[in-house]
Amino acid sequence: MLPEIFYGFSVALTFQNLLYCFLGVLMGTLVGVLPGLGPVAAMSLLFTTTLHLSPVSGMIMLAGIYYGAQYGGSTTSILLNIPGEASSVVTCLDGYQMARQGRAGPALGISAFGSFIGGTLSVLGLMLMAPPLANMALKFGFAENFSLMCLGLVIVSFLARGSMLKAMLMAVFGLFLGTIGIDLIVGKPRFTLGIKSFMDGVGLIPIVMGLFGISEVLLNIEEGLSREVFKAKISNLLPSLKDFKDSLKPILRGTILGFFLGILPGGGAIVSAFTSYAVEKKLSKYPEKFGTGVIEGVAGPETANNAGSSGAFVPLLTLGIPSNAVMALLLGLLLTHGVQVGPLLLKQHSDIFWGVVVSMYIGNVMLLVLNLPLIGLWVKILKVPYPILFPLILLFCIIGSYSLNNNTEDVLLMIAFGVFGYFMKKFDYEGAPLVLALVLSPMMENAFRQTLLTSQGSFLVFITRPISATLLLIAVLLLLYPLIPWFKFRKKLESLEADEE
Amino acid sequence: MKIFSPGRIAMNKREKDRFSALFWVAIAIGICLGSLRLSLGEFHKPGPGFFPFLLGSALGLISLLIFWQSFKRIPGDEKKAFWPNPQRSLKMTYILIALILYALGMNYLGFLLSTLLFLGFLLKAIEPQRWSVVLSGSILGTFFFYGVFQYWLDIPFPSGIFGF
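Quick mapping for you: the protein sequence lines, in order, are chains E and Y. Note that the first sequence covers residues 1 to 501 in the working numbering. Note that the second sequence covers residues 502 to 665 in the working numbering.
Everything labelled a hint here was simulated from the structure, so no lab data went into it. Careful, some of the hints might be misleading.
[Stated by the list, open to error] Result set (EDC-like, lysine to aspartate or glutamate): computed pairs, CA atoms no more than 20 Å apart in a straight line: (1) LYS426(E) x GLU543(Y); (2) LYS581(Y) x GLU223(E); (3) LYS625(Y) x GLU223(E); (4) LYS188(E) x GLU543(Y); (5) LYS592(Y) x GLU223(E); (6) LYS573(Y) x ASP428(E); (7) LYS425(E) x GLU543(Y); (8) LYS581(Y) x GLU4(E); (9) LYS426(E) x GLU579(Y); (10) LYS289(E) x GLU223(E); (11) LYS580(Y) x ASP428(E).
[Said to hold, decoys possible] In silico negatives: residues of chain Y with every beta carbon more than 12 Å from chain E: (12) ARG509; (13) ARG538; (14) GLY577; (15) GLU579; (16) LEU614; (17) ILE662; (18) PHE663; (19) GLY664.
[Said to hold, decoys possible] In silico contact screen, one side only, chain Y against chain E (beta carbon under 7 Å); selected entries: (20) GLY535; (21) LEU539; (22) PHE544; (23) SER558; (24) ALA559; (25) ILE563.
Yeah, the Cβ is synthetic: ideal placement off N, Cα and C, and Gly gets one too.
Use the sequences and the hints to build the structure in full.
Here is the structure:
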């Protein structure tokens, strides 16, 4: 593996790739710090720009935004009690309390160190796991691929924060949106409603920007986002020796947990951070102190969310299956460049794989350098009032959508999805499963139709092939899992009725 | 007499689920009908409408499940105003109108003029800022974006009827 790593360094250390890596992590930290503009919206915005670059540089830059945002998100959680990113929600619990006790510096410091260690070690895990997994995936045919994508979408729905049914509904709707446009097998336009730009399918970027950018601004304006930056002077960013000692085990546990949870579809940074917090509280000698400013409550989740964001690259770079909306955008980028994503990526485009992986090491070092000395700058940026910030966010979104094809139809589509996203949030539906399914849809339909063509119309092929059957079985079990409490409830009710009689 | 007052609309979680489920049922029916018009083909040779038809059916089924679930009692499920602060919701509507007008007007007025007006409006009308902030914010914002995207990233913007 050593020659591949050296090759990766030779790709990542070119001036151009270093520059894009730096720009990516800088942008990532910025959007992580600024509430109301997440990594998905920021990546969508720069998506068009990256199309002018080589696929490696584009991937390096967009990946930098993703893991950079995890770093930046912790700053707002600690200083404002407002998570810059969903994955930093749990950091608020103890981080903000630490800041109130005059320990904002150590909280920010340990989150930067934890993020660095988690990010770096999980990249190592990615390097070790990806090649054998890609080799295994080479055995997959159309049926296995279809079943794997089904399982992926079921896991995303299963791990959704709200109702599983609603997440599934969004995933199915996303799959439908992905069918809009000319059918590639018979060349017939489908559901285009006479709109010319729909012939090539609905654009991923306008939908993502609408769902994650515009709708967020609309909700923030409606709710009246008010922020008060923590006034105390931040000094002594280096945590004490005791802080390091207390944080060492949570950091190591957070790395392992984060990495493996990040691999799961729908997992990624958010689930990793929440699970790490729960584990640390469970293992702690003083669980009752969690939430009052305990450094383990910052170190664990902050490490886990960064490890999780690296883990999420495993299914994308080995199977060609994105595990969250961010990975879906990265997949979109590779597909736009005509790169065949899947198990062969490692062999056919080793520059992309090793270049991106090694750039993540370099990016993590850059983030450590950026985050600690520049804390003062980030705090200043935090003070930009939202009424001045939101017009710029909207303008960013409009220009991002317009620049895709230089037409206003994409902008109108984005606005429509902004309104759709606003109502979906009001009615408690999540946008991430939709985006994931939208990207997977063409691949899934192709795998489905090709399977039926080769099996001469027999659906049995999905359950007679062992790998496909196993994947579908897991999906079915996950779908049935929510029924368990219902059965238990029925049983309890019956026994109560029997007792009464 | 006020016939419709958005501020008065209040729903609990169950009503929200029921309402949204019905919306999705309608969408599902539309997808299925559209798929039938595209032709489903045969199992051994699926047509262009086959996969969307399956998706439409799945969407309908899930919507009906959500609808059915919405009749289950939820403890403490109280009605909440859908638009709790109508004044702020109105601001949101202004933003939407501004977005649509900006998107439609960009080709006629050109990027520079339409962006100046768009930023100026948002800075003054939504959360009113001082004129100095409005003017400097909209001028700086417009030229910053114009410079970055037009000259650095080579993305051509429409010049409109005034030629700029």
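Here's how the hints hold up against the structure:
1. LYS426(E) x GLU543(Y): violated, 41 Å
2. LYS581(Y) x GLU223(E): holds, 14 Å
3. LYS625(Y) x GLU223(E): holds, 19 Å
4. LYS188(E) x GLU543(Y): It holds: about 17 Å lies between the C-alpha atoms, which stays within 20 Å.
5. LYS592(Y) x GLU223(E): This hinted pair holds, its Cα atoms lying about 11 Å apart.
6. LYS573(Y) x ASP428(E): Within the cut-off at roughly 17 Å; holds.
7. LYS425(E) x GLU543(Y): Roughly 39 Å separates the two Cα atoms, so the pair is violated.
8. LYS581(Y) x GLU4(E): violated, 58 Å
9. LYS426(E) x GLU579(Y): holds, 15 Å
10. LYS289(E) x GLU223(E): violated, 32 Å
11. LYS580(Y) x ASP428(E): holds, 15 Å
12. ARG509: holds, 16 Å
13. ARG538: violated, 10 Å
14. GLY577: Holds, since 16 Å exceeds 12 Å.
15. GLU579: holds, 15 Å
16. LEU614: Correct as stated: the minimum Cβ-Cβ distance to chain E is 14 Å, above 12 Å.
17. ILE662: holds, 15 Å
18. PHE663: holds, 18 Å
19. GLY664: Fine: 18 Å to the nearest Cβ keeps GLY664(Y) off the interface.
20. GLY535: This hint holds: GLY535(Y) lies near chain E, its Cβ roughly 6 Å from the closest one there, short of 7 Å.
21. LEU539: holds, 6 Å
22. PHE544: holds, 3 Å
23. SER558: violated, 10 Å
24. ALA559: holds, 5 Å
25. ILE563: This interface hint holds because 5 Å falls under the 7 Å limit.
Hint compliance for this structure: hints 1, 7, 8, 10, 13 and 23 are broken, all remaining hints hold.
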